[in-house]
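Those protein sequence lines, which keep their order, are chains U and C. This note's numbering puts the last residue of the first sequence at 235; the count rises by one with no breaks. This note's numbering puts the last residue of the second sequence at 377; the count rises by one with no breaks.
Don't read these hints as lab results, they were simulated from the structure. Small disclaimer: the values here were computed from a predicted structure and weren't measured. Accuracy of the hints is not assured; some may be wrong.
To be verified - For the chain C half of the interface with chain U, some residues (derived, Cβ under 10 Å), not all of them:
#1 Lys250
#2 Ala251
#3 Asp258
#4 Glu260
#5 Gly266
#6 Asn268
#7 Asp270
To be verified - Okay, the calculated beta carbon distance ranges per label pair:
#8 U:Gly134 with C:Gln61: 53 to 59 Å
#9 C:Leu119 with U:Leu129: 51 to 57 Å
#10 U:Gln220 with C:Glu260: 32 to 38 Å
#11 U:Gln110 with C:His241: 24 to 30 Å
#12 C:Pro209 with U:Pro69: 49 to 55 Å
#13 U:Val214 with C:Arg168: 34 to 40 Å
To be verified - Stretch-level coverage of chain U by chain C, calculated; a stretch enters the list once three of its residues show a Cβ under 8 Å from a Cβ in chain C:
#14 76-89
#15 102-114
Here a beta-carbon is modelled for each residue, glycine too, at the ideal position from N, C-alpha and C.
Now for the letters of each chain:
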Amino acid sequence: MLQLENLEVYYGSIRALNGINIRVELGEIVTMIGANGAGKSTMIRAISGLIRPRSGKVFFENEDITTVPPHQLVEMGICQSPEGRRIFANMTVRENLELGGYVHHRNKRQIREDYDRVLSLFPRIKDRLNQSAGTLSGGEQQMLAIGRALMSRPRLLMLDEPSLGLAPIMVRQIFDILQDINQQGVTILLVEQNAWQALRIAQRGYVLETGSVVMENDTQSLLADEGVKNAYLGE
Amino acid sequence: MRIFIQQLIFGIQLGSLYALIALGYTMVYGVLSLINFAHGDVYMVGAYIGFYACTYWLPFQRISADPHAAVMNIVLAVVVLLLSMLMCGALGVVIERFAYRPLRNGLGITDAHFWGFALSLPVAFHFHLFHKVSDGAGRFLFGIMWFLLIGVIVGYALRPVIRWISLRTVLSPSRLNALITAIGVSLLLENGGWLVFGPNPEFIGTMVPEKNFKILGGVIINSSQLAILVISLILMLILRHIVLHTRTGKAMRAISHDIEAAKMMGINTDKVISVTFAIGGALAGAGGMMVGVLTHVQITPLFGLLPGIKAFVAAVIGGPGNIPGAVLGGIIMGVAEAFVGGSSFSTYRDAIAFTILIIILLVRPAGLLGRNVAEKV
Ligand SMILES: Nc1ncnc2c1ncn2[C@@H]1O[C@H](COP(=O)(O)OP(=O)(O)OP(=O)(O)O)[C@@H](O)[C@H]1O
Ligand SMILES: [Mg+2]
Numbered sequence: 001m002l003q004l005e006n007l008e009v010y011y012g013s014i015r016a017l018n019g020i021n022i023r024v025e026l027g028e029i030v031t032m033i034g035a036n037g038a039g040k041s042t043m044i045r046a047i048s049g050l051i052r053p054r055s056g057k058v059f060f061e062n063e064d065i066t067t068v069p070p071h072q073l074v075e076m077g078i079c080q081s082p083e084g085r086r087i088f089a090n091m092t093v094r095e096n097l098e099l100g101g102y103v104h105h106r107n108k109r110q111i112r113e114d115y116d117r118v119l120s121l122f123p124r125i126k127d128r129l130n131q132s133a134g135t136l137s138g139g140e141q142q143m144l145a146i147g148r149a150l151m152s153r154p155r156l157l158m159l160d161e162p163s164l165g166l167a168p169i170m171v172r173q174i175f176d177i178l179q180d181i182n183q184q185g186v187t188i189l190l191v192e193q194n195a196w197q198a199l200r201i202a203q204r205g206y207v208l209e210t211g212s213v214v215m216e217n218d219t220q221s222l223l224a225d226e227g228v229k230n231a232y233l234g235e
Numbered sequence: 001m002r003i004f005i006q007q008l009i010f011g012i013q014l015g016s017l018y019a020l021i022a023l024g025y026t027m028v029y030g031v032l033s034l035i036n037f038a039h040g041d042v043y044m045v046g047a048y049i050g051f052y053a054c055t056y057w058l059p060f061q062r063i064s065a066d067p068h069a070a071v072m073n074i075v076l077a078v079v080v081l082l083l084s085m086l087m088c089g090a091l092g093v094v095i096e097r098f099a100y101r102p103l104r105n106g107l108g109i110t111d112a113h114f115w116g117f118a119l120s121l122p123v124a125f126h127f128h129l130f131h132k133v134s135d136g137a138g139r140f141l142f143g144i145m146w147f148l149l150i151g152v153i154v155g156y157a158l159r160p161v162i163r164w165i166s167l168r169t170v171l172s173p174s175r176l177n178a179l180i181t182a183i184g185v186s187l188l189l190e191n192g193g194w195l196v197f198g199p200n201p202e203f204i205g206t207m208v209p210e211k212n213f214k215i216l217g218g219v220i221i222n223s224s225q226l227a228i229l230v231i232s233l234i235l236m237l238i239l240r241h242i243v244l245h246t247r248t249g250k251a252m253r254a255i256s257h258d259i260e261a262a263k264m265m266g267i268n269t270d271k272v273i274s275v276t277f278a279i280g281g282a283l284a285g286a287g288g289m290m291v292g293v294l295t296h297v298q299i300t301p302l303f304g305l306l307p308g309i310k311a312f313v314a315a316v317i318g319g320p321g322n323i324p325g326a327v328l329g330g331i332i333m334g335v336a337e338a339f340v341g342g343s344s345f346s347t348y349r350d351a352i353a354f355t356i357l358i359i360i361l362l363v364r365p366a367g368l369l370g371r372n373v374a375e376k377v
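Model the full structure from these sequences, guided by the hints.
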C-alpha cells in the first residue's frame, strides 16, 4: 500500500534520512521504533508532503506521490496524527473534529457517520464537545488528535508518538483503540519510542537509527532480539 | 456636551474606516504572520476606482431637483462600492500570488507569465501603447493587443529563466524577506499610482444627495456619516459570519493557529490565504471608495500612506491577528483623532496614533485583546 524507495531528506545541509526503504501492506499495523533524533518524524513529514525529499520516491497504492501537495494526500486517504498532537487549542473540540473532516464537506452523511464513530471510540471527548480543545487533558488531546485524523476517513493512518507524555494506563487504552481502528479496515503506520506497546499491537516493525533502517522484522522476532531488548525495551 | 457628542460621532465614523483597513492587516497577520504594508495602498486604489467609476465609467446624473436622478445615483453608488470591493479584492489576491507566495513555496513556472506582463508594462508606456478610449476604440484596442502580445512573448521567454532560478534557490522563509517584499510592493503601488493615475490630486464631487439629520440635543448627523457607519457595520457582520461559521473561516482560524496542522487536515492553505487577501482587499476597497465618494477628500497616489499606518497601529493596539481587536483599535484611533483634532492641540492630530500605540504597548504588549502567549487570533 505504502512504499518508500531510497528516501533521502535533508534539513539544509544536515541529512536526516539517508535513503530508507520501507513498505506497509494493506490492513497491517507497522511500527517504526527509534531513539530521539533518529528521523522518525522526518519520515512521516516526508510521506505527508510537508517536507520534500532530496531524492527517492514515495508510492501509495502504486502511485508516485512524492510531489503531491499535503492537502491532496489527505483527499487520497493518507492522514497523520502528528507528534505533540497539534490540536487547534483555541477552537472547540467539535470544531477540531469538523476540521478533520474538511475534505469531505460535500458528503454530510459520511461526516455524520464518522463523527458518531469517533465519539463512540472516544466517549471521553463526547462530553467535552463544546469545550475549547486547549483545556483538555493530555490524554484527551491525544484522543482528539487521533479522532480528528479519523474524520478524514484515511485508508492509511500515520501516528507520530501517540504515547508521548501519557500515563501507562492511558497508553494501553489508546493502543487498544488503535487495534480496533485497524480491525475496522484502516492500515496503520505507528512511530513510537514506547517499543513495548508498539510491538504489542503491530505485526511488523522497523528500527531506525540516525537516519537509516537498521533492522526490519516481524514483531515476535524483534521482541526476541537482543539488540532491540537492550536498546529499546530496557531490559 | 453637544460638541462632545458631535466629535464622538465623527470619531466613530473615522474609526470605522480605520477598522475596515485594520481588519485586512490583522487577518493577513493572522494567517501568515506577515505585515502586509501594501494594504494601505490597496485602500488608495479603492478610492481611485471610486473616482473613475463616478466620473467616467458609470452614468451618474447631476443631482439637481430631480428626485429620480438622486435615487438612480444612490443605486449607482452601491454598484461603485461593489466594484471597488471586487477590484481591490482581486488586487489583494494578485499581490499575494506574485509577491508573497513565491517566498513561501518558491517560484512556479506560471510566475514567468506574470513577470512577462509586468516587464512589458514599462515597454508599453515607453512606446505610448496605451490610449484613452476617447481617442477612438480602434486605437485603444490596438494598444492593448500590442501590450498583451508583448506580455505573452516575454512571459514565454522568461520560462527557462524562472526554471533556472527555481532549481537553484533554497527556500529559507524568513520574516525579514517577507517584510522587505511588503515594503517593495507598497512602493510599487504608490509609484505605479503616479504613473497610472497621474500626480494631480483628484476629487469626487457630490454624487449622492446629502442631508443633515438633527438628533437629540441639536446634534447633527450627516447622511454620509450614517452611510459609512451602516455600511462598515454590515461588512463587519458579514466578516464575522464568514470567520466564525463558514468552512473557509474555520480553515482561516486553523491556519492562523498552526499552518502545518491545517495542511494535515487537508486544507489547501494557499487557496485559503488567497481568500484572506481577497477579503482584506475588498474591505480596504470599500473603505477607500467610501472616503472618496462620501467625504470628498482629495485623492492622491500617496493617500493610502497615513490611513494605512494608522490602521496598522489600530491592528497592533487591538492585538495583531485578533479580529474584534482590529475593530476596537480602529474606533479608538478614530475617536482619539477626532477629539485631538477638535481641540486646541489639533496639530497633534496625526501624532496621537503613535502616542496611543506607545502607551498601550507599554501596558499590554500583546495588544488590548491579544493574548500574552505566543499565539495568534
Ligand atoms: N526543522 C529542522 N531543522 C533542522 N534539523 C532538523 C529539523 N527537524 C529535525 N531536524 C533534525 O533531523 C533529525 C531527525 O529529527 P526527527 O524529528 O525526525 O527525529 P525523531 O526520530 O522524530 O525524534 P523524536 O523521537 O525525538 O521525535 C534530528 O537530528 C533533528 O535535529
Ligand atoms: Mg519525532
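> Can you name, in rising order, the numbers of the hints this structure does not satisfy?
Replying inline: none
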